[in-house]
Each structure stands twice: as C-alpha cells, then as structure tokens.
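Enquirer: Input sequences plus hints: build the corresponding full structure.
Residue numbers (the working numbering), protein chains in the order written: chain H, 27 to 326; chain E, 8 to 578; chain P, 7 to 312.
Just so you know, these hints were derived from the structure itself, not from any lab.
Where is the CB? At the ideal position from N, CA and C, for every residue including glycine.
Just so you know, not all the hints are guaranteed correct.
DEER-style ranges, computed between Cβ atoms [stated by the list, open to error]:
id	chain 1	residue 1	chain 2	residue 2	range
1	H	224	P	137	52 to 60 angstroms
2	H	231	E	422	42 to 50 angstroms
3	P	35	E	409	43 to 51 angstroms
4	H	224	P	23	52 to 60 angstroms
5	E	139	H	289	52 to 60 angstroms
6	P	23	H	211	39 to 47 angstroms
7	H	224	E	422	54 to 62 angstroms
8	H	88	P	231	42 to 50 angstroms
9	P	98	H	83	30 to 38 angstroms
10	P	64	H	97	48 to 56 angstroms
11	E	409	P	66	45 to 53 angstroms
12	P	55	H	211	49 to 57 angstroms
13	P	63	E	231	23 to 31 angstroms
So the derived list for chain H, only partly shown, Cβ under 10 angstroms to chain P, looks like this [what the hints assert, rightly or not]:
id	residue
14	160
15	162
16	182
17	226
18	227
19	228
20	262
21	268
22	271
23	292
Calculated Cβ distances over 10 angstroms to all of chain H for the following chain P residues [to be verified]:
id	residue
24	21
25	25
26	60
27	114
28	133
29	230
30	232
31	257
32	283
33	287
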Amino acid sequence: MHRSIRVSATVKQPMGTKYKSRHWAIDAFRRLRRSPIAMAGLFLFACFIVMVIFAPWIAPYDAVEMRIPDRLQPPSPAHLFGTDDFGRDIFSRVVWGSRLAIRLGVLSVLISAGGGILLGLIAGYYGGQIDNILSRLLEIIMALPDMLFAITIIAILGPSLDNLVVALGFLNWPGFMRMTRGSVLSAMQNEYVEAARAIGVPSRRLMLRHILPNVAAPVIILSASRFGGALLAGSGLSFIGLGVPIPQPEWGAIMATGREYMASAWWITVFPGVMIALVVLGVNLLADGLRDALDPRLKN
Amino acid sequence: MFRRISLCLTIAAVVLIVACAAPAPTSAPPPPATSAPPAVSATQPSAAAPTQPSTVVPTKPPEPTKAPTVSKVGGTLNIVEISDPDTLDLQQTTQTTSGNITGRIYEKLVYQDLDKSYKGLLAESWTVSPDNTVITFKLRQGVVFSDGSPFNAEAVKFTYERLKRIGTKASIYPAFQNVAKMETPDAYTFVMTLKEPAAPFLHDLVANAAGILSPSAVKAANDDVHRRPVGTGPYKLKEWKVGQELILERNELHKEFRVYYENKGASYIQEIRIKIIPELATQLAALEAGELDRISLRPQDIAKYEKDPRFKTYDSYATGNVYLAFDCAKPPFDNPKVRQALSYPVNKDEIVQVVLEGKIGRRACCPIAESIQGYDPKLKEYELNYNPAKAKQMLDELGYKPGPDGNRQTPDGKPFAPALYTTTSETFGKVATLLQAQYRAVGINVQIKPMESAALNAFTPTRQHDLFMNSYNWNEPDMFTVFLSCERLQSGNRAQYCNQDLEKLIVAGRSEMDQTKRMKIYFDAQKFVMEQAVWQPLYNTITKFVVSAKVKDVKQDAEGDTLFHDAYIAK
Amino acid sequence: MARYIARRLFYSIFVIFGVSVIVFLTLQLVPGDPAIALVGENASPQVIAQIRTELGLDQPLPVQYWRWLERFLHGSLGKSIRTHRDVITEILDRLPYTMVLALSAVFLSTTLGILMGVFAAINRGRLGDYLTMGFAIVGLSVPGFWIALLMIMFFALYLRLLPVMGAASWQNLIMPAIALSLHSAAQKARVTRASMLEVLGQDYVRTARAKGLSERTTLFRHALKNALIPVTTMIGLQFGHLMGGAVIMEQIFAWPGIGRLALQSVQGRDFPVIQGTVLFAAVIFLLSNLVVDIVYASLDPRIRYS
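Expert: Here you go:
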C-alpha cells in the first residue's frame with residue numbers, strides 16, 4: 027500500500043571513520059519541527075498526555091461519583107460536558123478515561139510490536155524453513171476475521187481492559203512482523219552486513235546493532251498509526267459491551283451509556299467521540315509527519 | 008423569469024423539507040361502524056392483588072345489540088420482540104420470546120381466569136381423586152388443529168409423553184417427572200396419575216411448554232417442530248424471516264373457550280407480524296413511524312405517550328420479582344449474618360426512582376411477588392430495609408474492616424471484592440451500576456460481571472459467583488421449589504441454598520390442598536427466607552405497553568398483559 | 007497462469023485448515039458446557055452425560071477435530087445449539103444482507119476515495135489538496151460507530167428523513183453504508199493521491215505529455231490506471247473484511263447480517279455457529295484476495311513468477 031520505507035542507518039558510516047554528521051534521528055526531528063501537520067499532531071497528542079498525567083487536577087469530579095438530583099443535565103458551567111443518567115459528570119469521566127485510552131493504546135502496540143518485531147527478525151534473518159513456517163502462520167492470522175476473533179477472545183477471557191489489549195495486540199502482530207521482515211531482508215542485502223556475516227560476527231550482535239536500527243523508523247511510524255487503530259477498535263468493542271467492565275469510563279463505554287438517551291441527552295454520545303477523534307487525529311498527523319520527516323531524507 | 012423560477016424552486020424545496028420533517032400524519036380513526044356494545048376493557052379486580060388499570064373505559068352510551076354490519080376481520084397487528092425465538096418447539100425452550108409466540112399458536116388444557124381461578128380450555132372439565140393423585144380430564148369435542156387434524160386424548164398423551172422424553176429444557180420438565188402414568192380410556196378422556204399429590208399441578212399445565220401438539224403434524228414435519236408448529240390456537244405460523252420478523256396468520260378453524268372473551272370463534276385480526284428489533288430506541292422510532300402497533304415503553308418516554316391521543320397505555324405486572332441472591336454455598340456467604348450485612352446497603356427506592364423512573368417497577372419486599380398468590384404485605388416487617396449505618400456496623404463486627412485504600416477487607420486481610428453476576432440486559436446493567444455505588448458507599452468494591460442469559464444459567468451451579476441478580480417468572484407460590492429448593496441446586500436455585508427446615512415447608516406447601524393452610528405454609532417459608540437473608544428482593548417489574556389507538560377492544564389479563572382476541576383494527 | 011492459480015489455491019486451502027485449527031483450539035477455551043447449552047439445566051446428569059458422548063465431547067481433542075473435519079468435508083458445518091438449524095442455513099440467511107452492505111460500502115468508498123485522491127493530486131499544493139486530504143485524515147481518525155450514532159441522531163431522530171434501523175428497504179442501507187465506507191474512503195483517497203503523484207512524475211508520463219496527448223488522456227489513461235493498482239488490493243482486503251460482518255455497525259443499525267449472528271452466537275456460547283462464521287469469513291477473505299491477485303497476475307506477468 028505505501029511505498030516500503032528503506033531505512034539504513036549505515037549509509038553514512040563507512041567502516042572506521044568517526045561519525046561526523048548528525049545522527050539521523052536529530053535530523054528527522056528537525057524536519058518534523060518544520061512540518062505544520064506534524065506539529066499540529068504533536069500538539070494534540072501533547073494535550074492528551076497532559077490530560078492523562080494531570081487528570082486528578084483537571085477533572086472536577088470523580089469518575090464514578092453519582093449525583094442523582096443532577097441527572098441528565100445538559101452542558102453547563104458546573105458540568106462542562108453535562109451529566110449522564112446517574113448524575114455522573116461526563117467531563118470528569120472523559121478526563122479519567124484518557125488514562126484508560128493511553129493504557130489501551132500503548133499496551134496493545136507494545137504487544138503487537140514486541141511480538142511482531144521478534145518474529146519478523148527471526149523470519150528475515152534465518153530465512154529458509156523458519157521463514158516459511160512463520161510466514162504461513164502470519165497468513166493464517168491475517169485470514170482470521172479480526173472483529174469476530176477479538177470478540178471470541180474476550181468471551182473467553184472476560185471483559186476487561188487488559189484482555190482487550192491482549193486481543194487487539196495479538197491481531198496486529200502480522201503487520202509488524204511483515205514490515206520487520208521486509209526491513210530485515212533489505213538490510214541483509216547491504217554489503218556491510220554481508221561482509222560482517224562473512225567475517226563471522228555473531229548473529230545476535232548483527233541483529234541488534236546493525237539490522238534493528240533499520241527497522242526503527244518504520245516501526246515508530248507503524249506504532250503511531252496502530253495506536254490510533256487500537257483506540258478505535260477498543261472503544262468500538264467497549265461500546266458493544268465487550269471491553270471494560272462497568273463502571274470504568276472508557277470513552278466507548280461512556281458512549282454506550284448514552285445509547286438510550288440519544289434523542290434527549292446528546293452530550294453523552296457526542297463528547298467522548300470527539301475525544302477519540304482528536305486523539306487519533308493527533309497520532310495520525312504525527313505519523314504522517316514522521317513518515318515525511320524520515321522518508322525523503324533517505325531517498326538521497 | 009429566472010428569478011421567478013428560482014423562487015418557485017426555493018418554495019418547493021422548503022415545502023419538501025418541512026413535509027419530510029413533520030411527524031408522519033396519522034389519520035384519526037373513524038368511529039367504528041355500528042356493532043355490539045364494546046366490551047369493558049378495564050380489568051376485573053382480582054382477589055390477590057389490586058391492579059391499577061390505566062385504560063380508559065370507553066364512554067359511549069350502551070347500544071342495543073345488533074349484528075355487526077361491517078366485518079371486523081382483517082388488518083395487521085405489528086408487535087415486536089428483541090430477538091428471534093430460539094425455537095418454536097415449546098417443549099425445548101424457556102425463552103420468553105419463544106413463549107410469547109407459541110402462546111398464540113398452541114393452547115393448553117386449562118387457563119387462568121381474570122380472578123386467577125383455573126378453568127378449562129381444551130379440557131371441558133376435570134375431576135380429582137380423593138387422594139389427589141389421579142386427575143381425569145374430560146376433553147372438548149369438535150376441536151381441530153390448524154391443519155385440520157383432530158384434537159383428542161391421543162394428542163394430549165402424545166404431547167406429554169414427548170415432553171417427558173425430550174423436553175429437558177422446558178421449565179415444567181421436572182414437574183412432569185411426577186407423572187406416573189397417562190391413560191386414554193376413550194377418545195375424549197385423559198387420565199393423569201401422579202406419584203405424589205401436587206397442588207401446583209394445574210399451574211404447570213398452564214405453562215408455555217404445556218401446549219398441545221398435533222401428533223400427525225409432528226410426524227409429518229419429521230419432528231421438526233422447531234419451525235413448523237401446528238396448534239389449536241388463534242394463529243398459525245405463516246412465515247419466519249430470520250432476524251427480521253415472524254408472520255402469524257389467523258387460524259379460521261379456531262374456537263375460543265375462554266370466558267372473558269366475547270369472540271368465540273377465530274380472531275378478528277388477520278395477521279400478526281412480530282418484528283425483531285433488539286434496540287428499544289429503534290422500537291420507539293418504529294412505533295412513531297407507524298411500523299409497530301405495540302411496544303413496551305422506556306421510563307423516559309412514558310409521560311409523553313400517556314398523554315398522546317394516538318395511543319393507549321396499559322400496565323402489566325410481572326409474575327415475579329427482580330432479586331439479588333447470595334451464593335449461600337460459598338463462604339463467607341454461607342453465614343446468614345454476612346448476608347444480612349450485605350442486604351442493608353441496598354436502597355430499593357433509589358433503584359426504582361433512578362433506573363425505573365418510578366414508573367416501570369415497584370419495590371418488592373418478599374420472595375413471592377405482589378402479583379402472585381401467596382403474597383402477604385404483613386411480611387414487610389421482616390424486610391431488610393436500606394440502612395447503610397447498620398451495614399457498616401455489622402461488617403465491622405464481622406471483621407470486614409476497611410483497608411488502607413478504603414475498601415473493606417476480609418478478616419484475613421484480603422480485599423473483599425464480591426462479584427455480581429447478572430444478564431446483559433440494559434436495565435440490569437443500570438441496576439447493577441447503582442448497586443455497585445450503594446455498596447461502594449459502605450466500602451465494598453463490587454465487580455459487575457454480565458453474562459448472556461443461557462450462559463449465566465449454566466454458570467450458577469458451579470458456585471463461582473458471589474452475588475447474582477436476575478428476575479424470576481413463576482405464577483405460583485410454589486416458586487419455592489423452582490428457585491429455593493434443594494432439588495434444584497443444579498438449575499433454578501441460583502442462591503445455591505439448601506436448608507432442611509425450608510425444604511420441609513416447601514414439600515408441605517406442594518402437597519397441601521387446603522387453600523388457607525397452604526397460604527400459611529408459604530407465609531412461613533417467606534419469613535424464613537427473609538430472616539436468613541437468602542435473597543434480597545429488589546422490585547417487581549411493571550411493563551408499560553403502549554398500543555396504537557387504531558387497535559380497538561384490547562383486553563388485559565389478570566396481570567395486565569394485553570389480550571387481542573376481541574380486538575380488531577379500525578379501518 | 008494456471009500454475010499460478012493452482013499454487014495460490016493450494017496455499018489458500020492450507021491457510022483455511024490453519025484457521026480451522028486455531029478456531030477449534032480457541033473454542034475449547036470458551037467457558038461453558040455445550041452439552042448443558044443443548045439440553046438445558048433441568049436435564050438429569052445421565053442425560054447430560056449422554057449428550058456429551060453424542061457430541062463427542064469426551065473424546066481427546068485431535069479426535070474431536072478429526073470428526074469435525076470429516077463433517078466439514080462432507081459439506082456440513084454442524085447445527086446451531088440455539089436454533090437447531092444447520093449452521094450453513096443460518097449463515098446463508100444472513101449472507102445477502104452482509105453482501106449488500108459490503109458491496110455498497112466498497113462501491114461508495116472506492117468512488118469517493120478515488121475522486122478525492124485524483125482531485126487532490128491534480129490540485130497538489132493548493133487549497134483543494136489540503137482540504138481534501140484534511141478531510142481524509144479526519145475520516146481516518148473518527149470512530150465509525152460514532153459517526154453512525156451521529157447520523158442516526160441527526161437524520162433519523164431529528165430530521166426523521168431516514169429509518170432508524172432494520173433492513174426493510176433501500177433507505178435503511180444509506181446510513182450503515184456511509185458509516186462503513188468512511189474510513190476506507192479516506193485510506194483510498196490518500197493512497198490514490200500518493201500513487202498518482204508518483205506515477206505522474208515518471209518518465210513514460212512525461213513522454214506521453216511530450217508526444218502532445220491532452221492532459222486528460224495522460225491522466226486518465228496512463229496515470230490513473232497504474233495508480234489504481236494499490237487501490238485494487240485495498241478493495242480486495244476491504245470486501246473480504248466486510249464479508250466477515252461489520253459487527254458493530256450491524257448491532258447499531260439492527261442490520262441482520264453475519265456480524266450480528268457472530269455476536270449473538272459468541273454471547274450465547276453457540277460453538278458450531280461461532281466456528282462456522284469465523285471459517286466462512288476467512289474463506290471469503292482468502293477468495294477475495296485470490297481474485298485480486300489473479301487479476302494482478304493477468305495484468306503483470308512478473309508477478310506470476312515471484
């Protein structure tokens with residue numbers, strides 16, 4: 027779908043010379059700073075992080091505290107996003123829910139990336155039968171209908187944020203594995219690596235110091251977009267009741283509580299969705315900016 | 008000229024938008040053509056529980072009886088269920104949806120009149136032997152199934168033998184194990200011999216699963232009664248579009264024997280369409296659009312529809328309570344004091360006010376619901392009323408003190424976080440959320456675990472739950488056998504409670520034929536259960552039906568459920 | 007060419023079996039006893055034990071899988087525990103609805119995506135480009151089910167223009183199809199734009215321009231055709247994915263498709279149906295990819311020999 031990104035940190039490193047030019051990461055960050063798109067994404071994401079860290083100070087109320095007399099109030103100065111059918115402040119719930127969102131996103135990306143990269147490294151490096159078997163396994167996982175499988179896994183493990191993370195993380199392995207494998211294969215064709223292999227540099231060292239850095243940039247970009255994907259899928263599953271347990275304020279779960287009141291209390295449905303959209307937008311913009319920052323530089 | 012055209016177009020566009028946005032106009036129903044005086048549609052006051060009818064008695068002056076000049080036959084009644092029935096084989100399901108549909112297709116030997124007494128439906132009359140074990144039914148003659156096959160004693164015997172053989176899922180299956188033998192001395196006499204006398208037996212014969220099947224139809228369908236039901240009821244299955252709707256059509260061969268119906272023949276309404284719509288909000292939209300004629304209302308919509316002239320509302324009381332049960336086989340809930348301490352934090356009034364908006368339920372005190380025989384308001388003095396202070400005190404005394412994070416811990420220092428299992432129903436989810444908050448107020452961190460109904464039912468015998476919440480439905484004081492007896496630990500006894508003293512009362516109540524003595528037994532049984540805090544009954548569900556005003560002459564049964572046999576669609 | 011197809015088919019069959027093994031193993035872990043689900047809890051322990059033997063639940067796992075496989079090869083996916091109908095019948099009942107929704111979503115997203123992408127590529131660097139791509143990235147970021155809910159709130163509840171739920175007529179199709187196509191349209195727009203820009207910069211296009219062919223011919227005959235290659239892959243993936251049933255959308259709109267069936271069967275522990283739907287979705291997905299690959303192979307001979 028996207029042009030495969032060939033990252034090679036070793037391009038500028040002839041053997042033996044001292045490392046004169048700037049590290050590619052610093053250079054990339056400079057380019058990132060110049061892109062308004064990436065900066066906008068970074069800003070949104072930074073706001074999100076601020077919300078996560080400072081939730082106890084930003085949220086005026088507790089996430090589960092019920093104020094029955096104030097049920098179903100529209101947005102007002104006292105309740106910025108209104109209240110739900112139990113009198114819980116939606117703004118506070120959304121703010122506290124950011125902690126669930128980041129946990130969902132980060133953990134599932136870690137699982138996908140961790141597993142995927144490991145398998146991709148092994149498959150790409152050792153090649154042959156191992157590569158064959160792993161690639162077939164990858165195809166099988168990719169053929170699984172992801173929603174159905176996620177639902178089944180949650181039915182087994184029970185609804186909880188961490189189980190959601192496991193289900194989503196597992197299903198995204200193939201993406202990372204494929205990308206890693208591709209990067210590894212292309213890196214292995216590099217003369218430097220071939221030479222090092224011929225000399226007898228131990229494979230683990232090769233993998234870690236010379237091949238892995240190649241993979242870094244595409245992994246970062248894929249992680250950013252998978253973070254958004256996990257957030258979208260996770261909130262969708264919570265919406266149909268297969269995510270976090272009652273009464274955790276995951277954004278999709280909050281929207282589910284507003285289902286009955288779509289005609290009368292639109293604020294319960296609207297605001298959490300806006301939050302999800304903003305955070306995912308931020309990450310997507312960031313991913314786009316990163317892609318641009320890391321890619322054209324390498325085409326020279 | 009150009010300006011004029013654009014002006015016309017603008018006006019046309021505005022008109023279009025306004026027309027689409029305005030609610031669908033409903034034509035005012037024309038006054039019904041001269042007909043027999045409309046039957047009073049208020050419920051008869053019943054002996055056991057006063058029902059509050061919300062229908063308005065029509066105020067037309069009584070007209071002299073005249074033969075109808077315009078046929079009432081015709082029209083379609085559109086009703087709704089939240090899911091497909093799992094099967095239409097009434098002997099192999101306990102699903103309410105299935106029962107609602109098969110209840111229109113099949114009939115039983117007996118029925119309950121508006122005063123809750125049992126009368127003969129397919130049975131003309133019956134006699135009971137002095138030792139109460141032999142029941143001899145005299146069956147009605149001249150009744151046929153919708154496919155023309157005859158109704159007779161052979162059909163009844165075939166039906167109940169099949170029930171005993173494969174009806175393991177039916178709610179009355181255990182009751183039928185009590186049937187020693189069944190005989191058909193002649194074509195219209197059916198004799199049932201019980202192993203032990205059973206006072207509730209007539210109630211079992213009224214259950215959904217007790218409908219009579221046609222032997223020839225079952226054989227012709229190769230026993231695939233799941234999708235090809237044939238009964239003597241007012242309707243037969245015309246079509247079933249899975250996931251969308253079931254279409255029932257009028258059975259012209261039907262004869263009606265219930266005394267509270269004026270119409271003694273086939274029904275007037277030609278077709279009943281049962282649409283499958285799982286979302287309550289969607290049902291409401293369909294009602295507004297005229298696609299449905301009857302739905303049950305969510306609390307927030309009730310006020311609006313009670314005043315709406317296009318509709319009429321009816322109250323129906325569930326024959327059972329929504330209750331909270333403890334897993335009495337699992338420590339620490341085997342200790343009655345712990346159960347009592349956990350009953351006091353429950354604020355039933357708050358539940359009724361907040362979740363049910365004070366409208367679709369009334370608080371319940373006792374195991375037997377207000378709408379069931381055996382209910383006694385004097386039992387309220389044993390109710391464990393909302394008292395968080397007392398709960399905290401008892402918990403402290405029992406050693407469940409708050410830990411460093413504020414949540415209570417067990418006496419040996421572990422976090423006390425009981426799991427509350429319930430179904431995935433939206434309403435129960437809200438009740439559970441509120442209960443969770445009420446328990447949190449006394450320092451207990453309750454985990455909510457929703458499970459799909461069938462899975463939940465299979466789960467409780469494993470005794471892994473701590474708290475359980477669901478509703479029961481059993482229109483007989485012998486709900487004790489089904490839900491609180493030792494013999495049902497593997498099925499309906501969600502509290503996993505088995506106590507020999509209670510068991511003696513239950514068995515006695517089952518076989519006591521004297522009504523006064525029987526009611527005293529159930530008074531004692533309820534008192535026992537309430538003092539032992541086995542259950543904490545929460546509320547009795549009230550279903551508010553709203554029916555399109557174009558459906559005339561809707562009646563209500565003893566619990567308030569809508570009856571349509573005398574009803575017709577105004578043209 | 008035939009050898010290419012044969013090879014791909016062989017791989018696909020292998021993958022299907024792999025999927026079936028994974029699903030089978032996973033279902034062993036789902037809590038709940040299928041025997042009790044079948045006969046109900048009032049049945050005596052003897053009856054339950056008998057049913058377990060009949061269902062073969064007391065056999066070791068490989069034997070159970072083998073029996074299932076045998077039945078599968080004879081064309082049966084078993085019977086639903088809930089409704090006693092053949093699993094295949096249950097799926098086929100829902101298939102037309104899922105198909106209609108999937109095709110509509112694919113059609114909408116492809117049309118919208120390509121139009122947007124081409125428009126953005128032509129107007130590269132100008133306002134049109136930014137607006138279109140801005141719209142695209144927002145479309146990628148908003149939760150589809152949220153858009154669905156907003157549409158219901160606005161078009162059905164407030165304006166009363168469209169029906170809230172169900173699958174009664176073509177009006178019911180509009181909102182679910184739009185909600186489903188949004189995300190994919192955004193992806194296709196971005197990919198189309200990128201591909202077109204890449205192609206437009208290449209030599210043969212410059213040659214075509216130099217030859218004097220009109221801008222239009224250049225664009226639509228050469229650039230677009232090549233730019234569509236990645237979009238075709240996406241179509242295959244999207245269709246395959248949607249035929250697995252759009253669980254959440256179907257739930258929101260009460261659309262009687264395979265997704266709803268799957269959700270009901272997972273909640274109801276109806277194992278045969280869960281297995282059947284997952285397998286069915288996987289088969290369609292693989293077939294869909296296969297078709298796309300064959301189309302490529304016929305267009306680009308190099309692929310056949312890779």
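Enquirer: Hints the structure violates: just list their numbers, smallest first.
Expert: 3, 4, 6, 8, 9, 14, 17, 18, 19, 22, 24, 25, 31, 32, 33
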